[in-house]
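Novice: Sequence:
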Amino acid sequence: MNKLNKSGAMGCKIRFVCICLMGINKFQSYHLLHNSERHRTILQLPTIIKNKNSIKIAYYYLNKLFNCSFERGYCYEFIFNPELIELLFGRTPKQQFFIESFYKVYNTKNLLKFVLNHLISNNVKINFPHVNNTEEYKDILSKILMNGDKFKGVGLLFHNRFIVPELFDFIINQIETSKDCSKMVDFININRLSIEYTGLNGKAEKIEEQREYGNLIKAKYQISNKFNPKIKFSIVYKIIFETVKEIKIQRIY
Numbered sequence: 001m002n003k004l005n006k007s008g009a010m011g012c013k014i015r016f017v018c019i020c021l022m023g024i025n026k027f028q029s030y031h032l033l034h035n036s037e038r039h040r041t042i043l044q045l046p047t048i049i050k051n052k053n054s055i056k057i058a059y060y061y062l063n064k065l066f067n068c069s070f071e072r073g074y075c076y077e078f079i080f081n082p083e084l085i086e087l088l089f090g091r092t093p094k095q096q097f098f099i100e101s102f103y104k105v106y107n108t109k110n111l112l113k114f115v116l117n118h119l120i121s122n123n124v125k126i127n128f129p130h131v132n133n134t135e136e137y138k139d140i141l142s143k144i145l146m147n148g149d150k151f152k153g154v155g156l157l158f159h160n161r162f163i164v165p166e167l168f169d170f171i172i173n174q175i176e177t178s179k180d181c182s183k184m185v186d187f188i189n190i191n192r193l194s195i196e197y198t199g200l201n202g203k204a205e206k207i208e209e210q211r212e213y214g215n216l217i218k219a220k221y222q223i224s225n226k227f228n229p230k231i232k233f234s235i236v237y238k239i240i241f242e243t244v245k246e247i248k249i250q251r252i253y
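Residue numbering for the sequence shown follows UniProt numbering, starting at 1 and increasing by one per position.
To be clear, the hints were calculated from the coordinates, so they are not data collected in a lab. From the three backbone atoms N, C-alpha and C, an ideal C-beta is built for every residue, glycine too. Hints are supplied without guarantee of correctness; some may be wrong.
[Stated by the list, open to error] Calculated lysine to any residue pairs in the SDA-like style (CA-CA distance at most 20 Å, straight line): (1) Lys52 / Leu62; (2) Lys143 / Val131; (3) Lys203 / Gln250; (4) Lys220 / Asp180.
[Unchecked claim] Pairwise CB distance ranges (calculated): (5) Lys94 / Asn122: 15 to 25 Å; (6) Asn160 / Leu216: 16 to 26 Å; (7) Lys152 / Tyr213: 27 to 37 Å; (8) Lys94 / Asp139: 14 to 24 Å; (9) Gly148 / Thr198: 24 to 34 Å; (10) Asn117 / Tyr213: 38 to 48 Å; (11) Phe227 / Asp149: 16 to 26 Å; (12) Ile48 / Lys203: 50 to 60 Å; (13) Ile57 / Tyr213: 53 to 63 Å.
With the hints as constraints, model all of the structure from the sequences given.
Specialist: Structure (structure tokens):
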């Protein structure tokens, strides 16, 4: 435990520290991860750290997790407390979870900060079940989307369909006006939609529109970054009866 002592965590006065930041169900505090052999890892840790022995236990298991990689990770109603991670390991270098596909259902700004600061993943799926005001999420979501070195793609799911057009316009504006668009993630999927199809205005170029099967129509657009026109993204709408059901944004250069 020499590393723990050097970090200063064992030398500080013990205070109550939450291991997890909870969402809706405060009684559900297990951690579920899958490794490449499809074995489940379930950690049932104490919710609150109250003494030095609890710190040693938390450090031991977190350090193990930081030195492993996992096929899938689920974060339904909690995340590991970033304050605890900083207390145990210091601020730099930041400790990262390596998870191929990460699913985050319950949403708060703290959870988004956890994704930004402590996760490396090819595919991050973020659910926004209780969001009515998008302003407080734009800055942190923008930082996640502009971290293509940490995240290959991001999936977004909104339960409130009225906020989707505003956030979609925000993402398109990021692609068009970012001064370093090369850092953006490769793809963004916005799923389970039910919004009116209005198409893309501005500098977007409509490439094609075709009927796939039944009443499903795909409309494809292309946009470029104004500071580096070589960087292009395709935007594909899946439409049924003039209602958008899914939007896929993908880098094509």
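Novice: Work down the list of hints and note, for each, if the structure agrees.
Specialist: Hint check:
Between the alpha carbons of Lys52 and Leu62 the distance comes to roughly 15 Å, so the proposed pair stays at or under 20 Å and holds. Distance check on the hinted pair: Lys143 and Val131 sit about 19 Å apart at the alpha-carbon level, within 20 Å; holds. The hinted pair formed by Lys203 and Gln250 meets the criterion: a straight-line CA distance of about 17 Å does not exceed 20 Å. For the given pair, Lys220 sits about 24 Å from Asp180 by alpha-carbon distance, which is inconsistent with the 20 Å threshold.
Checked against the hint of 15 to 25 Å, the pair Lys94 and Asn122 passes, with Cβ atoms roughly 19 Å apart. The given range of 16 to 26 Å is respected by Asn160 and Leu216, whose C-beta atoms sit roughly 24 Å from each other. The hint said 27 to 37 Å for the Cβ distance between Lys152 and Tyr213, and at roughly 29 Å that hint holds. Between Lys94 and Asp139 the CB atoms are about 19 Å apart, so this pair conforms to the stated range of 14 to 24 Å.
At about 28 Å, the beta-carbon gap between Gly148 and Thr198 stays in the expected band of 24 to 34 Å. At about 43 Å, the beta-carbon gap between Asn117 and Tyr213 stays in the expected band of 38 to 48 Å. Distance hint for Phe227 and Asp149: a CB-CB separation of about 19 Å, consistent with the stated range 16 to 26 Å. Between Ile48 and Lys203 the beta carbons are some 53 Å apart, a value that agrees with the proposed interval 50 to 60 Å.
The beta-carbon spacing between Ile57 and Tyr213, approximately 55 Å, falls within the hinted interval of 53 to 63 Å.
Hint 4 from the list above is the single one not met by this structure.
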